[in-house]
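**Student:** The residues making up each chain are set out below.
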Amino acid sequence: MKRWIPAGLLLAVLTLLPPLLPERHLATFVLLALAATVTVGVSLLMGYAGQVSLGQASFYAIGAYAAGLLAVHGVPPLLGLLAAPVIAAVAATLLGAPLLRLRGHHLAFATLAVQLILLSLLAQADWAGGAIGLQGIPRFSIGGFELREDLGYAYAAGFVLMIAVLIARNVIESRAGRGMRAAATSETAAAASGVAIGRYRLAVFALSAAFAGLAGGVYAFYLGYLAPGSFPVLLSIEFVVMAVVGGLGTIAGPLVGATVVVLLVQVLNTLGTQPGMPGYAPAVLSYAVYAVVLIICVLYLPRGLVPAIRTASTRLTGTRRPPTHPAALPPLTQP
Amino acid sequence: MSDLIGYLVTGLGIGAGFALVASGLVAIYRVTRVVNFAQGAFAVLAAMLAASLLGAGVPHGLAELGGVTLGALTGLIVGAVAIGRPGTSPGTSLIVTLGLGVLAYAVEILIWGDQPRSYPGVPGVADLAGARLQAHYLLIIAVTVPVFALMAWFFTRTDLGRALSACASNRYAAQVVGIDVRRMGLLAFTIGGALGGLAGVLTTPVQQVTFDSDVALIVNGFAAAVLGGLTRPVIALAGGLLLGVAQTLAAGYGGGAYQVEVALVLMLTVMIVQAARTGPVVETAR
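Which chain is which? The protein sequence lines are U and X, in order.
First residue of the first sequence: 1, per UniProt numbering; consecutive thereafter.
First residue of the second sequence: 1, per UniProt numbering; consecutive thereafter.
Simulated from the structure, these hints should not be mistaken for lab results.
Check before you lean on any hint, since a few could be wrong.
What the hints assert, rightly or not - Some chain X residues near chain U, calculated using beta-carbon distances under 8 Å:
1. 85
2. 95
3. 98
4. 103
5. 109
6. 143
7. 147
8. 165
9. 180
10. 219
11. 260
12. 262
13. 270
14. 276
As the list claims (entries may be wrong) - Derived DEER-like restraints, expressed as beta-carbon distance ranges:
15. U/131 x X/165: 45 to 53 Å
16. X/56 x U/133: 55 to 63 Å
17. X/265 x U/130: 45 to 53 Å
18. X/265 x U/292: 54 to 62 Å
Note that the structure is a prediction, hence the values are computed from the model and not measured.
Ideal Cβ placement from N, Cα and C applies to all residues, glycine included.
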């Protein structure tokens, strides 16, 4: 019973908060929920499977473009949205089969390279709008009921996040999840105990891509317009920042990390666009925030906010919690 | 035929830039085992400062020297943050350098804005076996080759260079004989910064620089360095030149569209083949 409390709390926030928010903050809520959905996948990948991806925005883009292109060509939006995670996962499986032979910084650079290739291809693909972008994506609709208001998209984004969290939790607690955790600690030991490491790594890679693709699908319908420039390498780095700041190897971590980073950047953006501030202020402030938050977190709170808060609250109240998975940063070195 | 020679020399010039970035990565990785993500930022910062100095009337040569000095200084600072805290693992350091690379964006936009910058290099057009090309490419090659020779001499013939190489081959043994491994790491970062800065000031006259050109530089530099397993500078030089030539050939004969893809797919193939050779499950003993 107790283990349902955090999920219930999340559900309550996702259903009760959007109507209370003023119209201009709903966009932030939508983007926050979508970022959190992607970050749950990144946290699974980094915390449990021990692999760093600096190209997660590729799968966000693939999902978004898949849903957008299908919808533009007259496929019902619901089908387009359902296809987005599937197409992203298939792409991840095809890419992952060769790429996941790589480890550590090699994998980090390989995923970065994949994203640069994707961006360059998208910019040249006339059937996807090229560098100008894909325009005229219809609004999301189910059976004639069209989702027009931001409030509707806030619920859609929240729903998508909830699905990602539930799937992630069930995966972690499954037998496969235990195998994954073992592999993150020591591949040799896990392989010796019969864990099919290659298959698990590929499965987690595909699952995290599916989360990103699903979030991308909602993003496509929400904005109604996609361009290669909406998915820069920096976006991939942002997802890593959110996952690391919140705490890898926890489910609450990515949610807290995404919330902290998105809200912080939002506040600074508001500050940067005040009258009297120079035009470059928002960009400078957000770059600086990503950088400083990441550096301080990695150096002084290597396990992230959530585990740090848990440790602190344990000390304060004297209650003991079962130890969580001790994932700090995954090992990046290669022999 | 003259087209081909033109592409080759242009490619070697661009590739020399990649090779310099790659050799900076190698210098840092050999000594500290850190893959320095901020390596591209050194080049951008150096090029921006050189452009500003030239704009303020500082003569050529001095302005570029100022840029390289800034690169070296930035390297020292990045090194101090990335490996300064005892017990920082190379993995953590990589994420720190990633963060510092993003922080450099903020600094660059704040000081120089987000518009592309360039400055004139060696003026004129050279005529080489019937091929006409910008004379500046010849300067890039003429500077890069002696720099690599100087590095080879430094690492194998001087005490300091030998101490750096000692850290590279066995950290523990180096510590035992009284080498300060952390100070050597900082020195490696400074050298890496200077090499990155040199790449920036040399290539800016033929390729504009913006605050985010570091991504292309670091990816190409890594691609070149990874050929030699991130530890062999000579192979990094060969890799950089190969990448540059492959890109200009792809751009020249393929219509300019797919040059990024050519280089990146080449790098991915090399890494995957290397990984296949060493076997899928390899782990550091900890």
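**Student:** Can the hint on residue 270 of chain X be confirmed by a CB-to-CB distance to chain U that is less than 8 Å?
**Tutor:** For residue 270 of chain X, the interface hint is violated, since the closest Cβ of chain U sits about 10 Å away, which is over 8 Å.
**Student:** Per the CB criterion, is residue 103 of chain X less than 8 Å away from chain U?
**Tutor:** With a minimum Cβ separation of about 3 Å from chain U (threshold 8 Å), the hint on residue 103 of chain X holds.
**Student:** Given a hinted range of 45 to 53 Å, is it respected by the beta-carbon distance of residue 265 of chain X and residue 130 of chain U?
**Tutor:** 21 Å, violated
**Student:** Given residue 276 of chain X as an interface hint, is the shortest Cβ-Cβ distance to chain U below 8 Å?
**Tutor:** 6 Å, holds
**Student:** Holds or violated: the hint that residue 219 of chain X contacts chain U, with Cβ atoms closer than 8 Å.
**Tutor:** Interface hint status for residue 219 of chain X: holds (6 Å vs cutoff 8 Å).
**Student:** Grab the minimum C-beta distance from residue 147 of chain X to chain U and call the hint holds if it beats 8 Å, violated otherwise.
**Tutor:** 24 Å, violated
**Student:** Have a go at the residue 262 of chain X hint: is there a Cβ in chain U nearer than 8 Å to its own Cβ?
**Tutor:** Check failed: Cβ of residue 262 of chain X comes no nearer than 10 Å to chain U, outside 8 Å.
**Student:** Next item in the hint list is residue 180 of chain X. Is there a CB on chain U closer than 8 Å to its CB?
**Tutor:** This interface hint is violated because 21 Å lies over the 8 Å limit.
**Student:** Please test the hint of 54 to 62 Å on the beta carbon pair from residue 265 of chain X and residue 292 of chain U.
**Tutor:** 35 Å, violated
**Student:** Could you check if residue 143 of chain X really has its C-beta closer than 8 Å to a C-beta on chain U?
**Tutor:** Not OK, violated: residue 143 of chain X not within 8 Å of chain U, min 27 Å.
**Student:** Look at the Cβ atoms of residue 56 of chain X and residue 133 of chain U and judge whether their distance stays inside 55 to 63 Å.
**Tutor:** Cβ of residue 56 of chain X to Cβ of residue 133 of chain U: about 40 Å, so the range 55 to 63 Å is violated.
**Student:** May I ask you to test the interface hint for residue 98 of chain X with respect to chain U, counting a Cβ-Cβ separation under 8 Å as satisfied?
**Tutor:** Holds: closest Cβ of chain U sits about 7 Å from residue 98 of chain X, inside 8 Å.
Checked against the numbered hints above, the structure breaks hints 6, 7, 8, 9, 12, 13, 16, 17 and 18 and satisfies the rest.
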